[in-house]
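S.K.: Protein chains in written order, with my numbering: chain A, 465 to 822; chain B, 465 to 822; chain C, 465 to 822; chain D, 465 to 822.
Some hints could be false.
Pairs count within a copy or across copies, as identical chains cannot be separated in the list.
[Claimed, not checked] Below, computed lysine to any residue pairings styled on SDA-like, alpha-carbon distance capped at 20 Å:
| id | residue 1 | residue 2 |
| --- | --- | --- |
| 1 | Lys488 | Asn466 |
| 2 | Lys488 | Thr468 |
| 3 | Lys488 | Leu811 |
| 4 | Lys488 | Glu478 |
| 5 | Lys488 | Asp720 |
| 6 | Lys488 | Ser801 |
| 7 | Lys488 | Pro477 |
| 8 | Lys488 | Thr731 |
| 9 | Lys488 | Pro498 |
| 10 | Lys488 | Ser469 |
| 11 | Lys488 | Asp808 |
| 12 | Lys488 | Val620 |
| 13 | Lys488 | Ser704 |
| 14 | Lys488 | Glu583 |
| 15 | Lys488 | Ala501 |
| 16 | Lys488 | Met465 |
| 17 | Lys488 | Asp577 |
| 18 | Lys488 | Asn471 |
| 19 | Lys488 | Asp816 |
Since the hints were made in silico from the structure, they are not lab data.
There are 4 protein chains.
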Amino acid sequence: MNFTSDNSDGAAPEIIEAMAAANKGVLGSYGTDPLAARVEERLAEIFETDLRVFLVTTGTAANALALASVSPPWGTVFCHREAHIAEDECGAPEFFGGGLSLRHLPGRHARIDPDALVEAIAECGARGVHQTQPAALSLTNLTERGALYRPDRIAVLTATARTGGCAVHMDGTRFANAVMAGGESPADLSWRAGVDILCLGATKNGALAAEAVIYFDPARQAAAISSFEFRRKRGGHLVSKGRLLSAQMDAWLRDDFWLDRAARSNTMGQRLAAGLREIADVEIENDPAANMIFARLPLAMHRRLRAAGAAYYLEPASQTEDGDGISVGIRLVCAPSTTEEDVDAFLDLCSDLQPAYA
Amino acid sequence: MNFTSDNSDGAAPEIIEAMAAANKGVLGSYGTDPLAARVEERLAEIFETDLRVFLVTTGTAANALALASVSPPWGTVFCHREAHIAEDECGAPEFFGGGLSLRHLPGRHARIDPDALVEAIAECGARGVHQTQPAALSLTNLTERGALYRPDRIAVLTATARTGGCAVHMDGTRFANAVMAGGESPADLSWRAGVDILCLGATKNGALAAEAVIYFDPARQAAAISSFEFRRKRGGHLVSKGRLLSAQMDAWLRDDFWLDRAARSNTMGQRLAAGLREIADVEIENDPAANMIFARLPLAMHRRLRAAGAAYYLEPASQTEDGDGISVGIRLVCAPSTTEEDVDAFLDLCSDLQPAYA
Amino acid sequence: MNFTSDNSDGAAPEIIEAMAAANKGVLGSYGTDPLAARVEERLAEIFETDLRVFLVTTGTAANALALASVSPPWGTVFCHREAHIAEDECGAPEFFGGGLSLRHLPGRHARIDPDALVEAIAECGARGVHQTQPAALSLTNLTERGALYRPDRIAVLTATARTGGCAVHMDGTRFANAVMAGGESPADLSWRAGVDILCLGATKNGALAAEAVIYFDPARQAAAISSFEFRRKRGGHLVSKGRLLSAQMDAWLRDDFWLDRAARSNTMGQRLAAGLREIADVEIENDPAANMIFARLPLAMHRRLRAAGAAYYLEPASQTEDGDGISVGIRLVCAPSTTEEDVDAFLDLCSDLQPAYA
Amino acid sequence: MNFTSDNSDGAAPEIIEAMAAANKGVLGSYGTDPLAARVEERLAEIFETDLRVFLVTTGTAANALALASVSPPWGTVFCHREAHIAEDECGAPEFFGGGLSLRHLPGRHARIDPDALVEAIAECGARGVHQTQPAALSLTNLTERGALYRPDRIAVLTATARTGGCAVHMDGTRFANAVMAGGESPADLSWRAGVDILCLGATKNGALAAEAVIYFDPARQAAAISSFEFRRKRGGHLVSKGRLLSAQMDAWLRDDFWLDRAARSNTMGQRLAAGLREIADVEIENDPAANMIFARLPLAMHRRLRAAGAAYYLEPASQTEDGDGISVGIRLVCAPSTTEEDVDAFLDLCSDLQPAYA
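Whole structure, please, built from the sequences with the hints as guidance.
M.R.: Right under this line is the structure:
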């Protein structure tokens, strides 16, 4: 019953096998191996458009390098205040971007509120050199609260961004889950809705350490792409034996492997959400479109779960008290390895609970 | 009737005379002139404590260098969301601080809400290397909304900061106005209330371009002071003919000149506020302790004032509409050169106004 | 006959097997897995001292993060002018170090000339804030020209560094080769000779992508270590599934695997050097202690080698002309996979050559 | 007998008077005052071309901001190894440029050797992302060793720079002295010879603190100019009461004031050089075109001069010993305030000296 994150798992066996297979022989180094070219072709097919791809080992590197490639040091990047780039990357965008600024925006379920974006862009940069200037909009799909941006929602935000002179970045750590949750195509969820750069994460969905930074419409983005390439090297993210990354990504994208895994996680997530909705004392706090559920439980239930070995993270400042006693906010993430048995055992533990408030 | 800012004035004649007087002869360069030493002595007397002082030409340089001297690149600086460092310095703290982060906090009249600070510090850095770490609290006194922090309010915030491992910086662009507004001593408003570094601004109050960065308890702050000195040079802020700055500051601090000027501005500010309170259609929006008033006027009144030559800035997104028609938010700043006649002429213009809403 | 670099090979099969084996089960993420702890223990045994270890994917990241952890932005890092950090990392030290400076020093065979270091340190920082300050000495062992620093040579340089207030970093991309070339212990070649931080490279010697940053005497270096940890995360170099790195390093260090591989490369390198010395028209330009040879060949010989499929890099500005005609400077690197047959075939090709100068 | 530098003097009285005159009344702030516009017009006349001008307080700020505006963080700036940006600005170019690199070049009298530039540009960036890329050439005229670059020498270097994709920056701290030394027009010494950005220094030649950053052909340099403007604000170098700077520069440029002063310094410099050449034990080490002389004196002569109150700087590592005994390398700078009496008194002291070697 591990609902923490896919990070505590290893990689899918298929990925490790692919790495082993790619290990043999002499190949071009620094990203010039034939697998890297094949990854680019595969992604062009999947996204139905011309694109450029760069592979790096971490989502933090992917996001920060991408943002630095489209923002000057005096740029502002607009993001949700719960975004991974705002809360979990120790200031990586500011570091790679030479001291750029993030502007935190509100919005339910970690989806940016469109009005807040309009206002923030209007304020920012209105007084010339005295202020940092609008440079990029960063969206996360799935959001950090497990919600889905459908193409229409994305398009509203990217249109505002475009008008305000901003490039659009998407943190797609769980992009595969978003694709499978909504049934829209990768293209519809990205460049067709106005996304310029997608950081497509494989690490949380089966790879060991592999993230693809995808530039759509590469001819238009030539300057950003060149900037990315120098920053990647200078940031220590150009691995010499590039097959480390390309072999993972190639296998991950093959035969819908990436989507099948996401579908499995989503199915388990939906089963878990449905089960929790049946339980009187549990409140689901997010809008769980895929494999992430944020729920509030009575303290006693939480204790029973933990005692039984259930693993999950608490939300920040998780414990609150109201008329019904103390409750705890928790985050549950289903991975491809999550089984129906895991889910049902978890739900049983919840249901069994006898209310025990003082 | 110029209520924009002291920046559109020149310097006080006394300051220019002092600069001319100091111009003669050979003096040590790069801050080693005898006037610089005298400034340090004078400030030690005024603040009743041992201190180290560095002079720079702009408030932006003073603030950013001071913050960079106490925060690592992965530090968070807590400030009010309307702070000058957040809104008007084009990311200078992020630049000088190697990509540090500002965390914007709420609070009425641009005073930081103490609970918000407690929460923000608790959240920040709770998860180790994944987050930027609490590094500094930055207060502004007078605040950007013309309000006063009295020593007790300061002490509450600095105690929280200290517990959270933060150094305390005060942006004192209008520190002289704060001293005269509250009647507390410079020491009580700074180090005795927990401030480590004060950026004492003379430019808005009579100097041409002179800001003092004051480190209290210099023995304890030796590392920050050394860092400041290298950053100042490297930032191009160590002027060779240091008398440019020391002559201004020396004259400004002499015989309470700085305080007398602030008192004059405050008196005019209070006269203006009192007058505006008498006028039916005007709403004072801030808590004007000194020389700054934020007011909301009917659009017609604003137009009449402008037509008559009154100069002042509009607030961001200044124009709003409600049942009473369109109104305009404006900022009025009194300078030492502001006269009773200016104030009264302005008030007369306001009063004369016939409501003219459609 | 591939004498380019180990980067065009994959990893040793043993490393891939270890990665596969470590892939199973749930482990702590972000470097908290048990393999990481075992790597630290193993290195403590190998180096016969207490130490702290951090694993990253590239040598560029290892070097730049290490240097940034011991140098302020206004620091100078002294290195040989042919050092990898000076010539091949696209300014990574300057980037991670917030704009620090490298000072290029001369010296035969890419070993820093001791007198040049004494002078450079004396000059640097003599005029206080007007200059960047001595911060670190960076040595490479094996040097970029394939030469060995023995402990006595290291000690001379590190003593100068210490006197000048510099930390000592060693780029140990080919440290294993240095150990086997000289027969001195890892401890004698590092901390006992005054090295504070060793970047021990496995990637060029059998791993896929794994470099260990080793801090000796960690209690003394606590501030640098803390700085490293934040910079690593912020630099996108803290991989979530840490076993990727620890499994490689654990296997690489096991049962002298790392040293055996280096010994093999060195043996082939020495065989190649001995053979080349016998050939009249070939001049060996470096002092080949291990597996790297820099040689000068007649142009016709070079063409014949290339035509026969021999692969190797040219030196910068490789082609020169003198009384004997045009010659070409080349770099030959032996890898563990290099065979006696490779070496002998190469030598035969050289010998067969009929002088063909015009 | 002060031959240290113009920095220990105050400003010329004319400059102070101009500052006092400009102090009255309300003027646009942040560089929008009418004097700033007049300075731009005046410079356009003087340089016989369209240009954009920005005023800052220090030469370090001028140089570093200018270079950062034309170099990416992964850029290399080529300069002489004795250049002020290399030796005296504590890494300001690296700081403002986000970690750019300086490449130190040799050349007699601190003039860059043209072949060395050709080679350095060819090496730099030949291997793509692995290296920093050629970005700018920085010349100093007068050089740091008091030599003059005539237009033909400049053109050779700037042609190489242009071919290599570099912008050309000129540090013109003593540009006025260069103009008067060679008799060439300001235009011939700058843009007509291929200079893109000139940092024209007034501080060492009569101003209190004023440097002009001049962009020639501003339409072509629009991106660099925009970058400069944001960096200036963000660097704390946009002074609010802009008249501080524009008044100085306006007066300095008026009626050839700047050139007359330089001519006076040069005349004194040439008188001093001519006198020193007559003295047996003195060796002039530079090629003194204007107001700077580098000379080598017997130790006893140096002691006598110092005892008599002569002030000047020693060269780094100034004292050397040979068959004739110990000698001392010194730098003599004539300022506009230097008198014939000063020079002659100095020469007399030199001549009077009885050889006193052991």
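S.K.: The structure should be examined with respect to each hint, and the outcome stated for every one.
M.R.: Hints, one by one, checked against the model:
1. Lys488 - Asn466: Answer is between; shortest inter-copy Cα gap is 15 Å, intra-copy 35 Å.
2. Lys488 - Thr468: between (35 Å within a copy, 17 Å between copies)
3. Lys488 - Leu811: neither (46 Å within a copy, 26 Å between copies)
4. Lys488 - Glu478: both (17 Å within a copy, 12 Å between copies)
5. Lys488 - Asp720: neither (25 Å within a copy, 23 Å between copies)
6. Lys488 - Ser801: Between copies, since 12 Å is at most 20 Å while 29 Å is not.
7. Lys488 - Pro477: both (18 Å within a copy, 9 Å between copies)
8. Lys488 - Thr731: neither (37 Å within a copy, 23 Å between copies)
9. Lys488 - Pro498: within (13 Å within a copy, 29 Å between copies)
10. Lys488 - Ser469: Intra 32 Å, inter 15 Å, cutoff 20 Å: inter-copy only.
11. Lys488 - Asp808: Neither: 43 Å inside a copy, 24 Å across copies.
12. Lys488 - Val620: neither (48 Å within a copy, 43 Å between copies)
13. Lys488 - Ser704: Classified as within; 15 Å inside a copy, 26 Å across copies.
14. Lys488 - Glu583: neither (55 Å within a copy, 40 Å between copies)
15. Lys488 - Ala501: Only inside one copy: Lys488 and Ala501 sit 17 Å apart there, 30 Å across copies, limit 20 Å.
16. Lys488 - Met465: Cα proximity of Lys488 and Met465: across copies only (16 Å, versus 38 Å in one copy).
17. Lys488 - Asp577: Neither, since 50 Å and 41 Å both go past 20 Å.
18. Lys488 - Asn471: between (28 Å within a copy, 12 Å between copies)
19. Lys488 - Asp816: neither (54 Å within a copy, 32 Å between copies)
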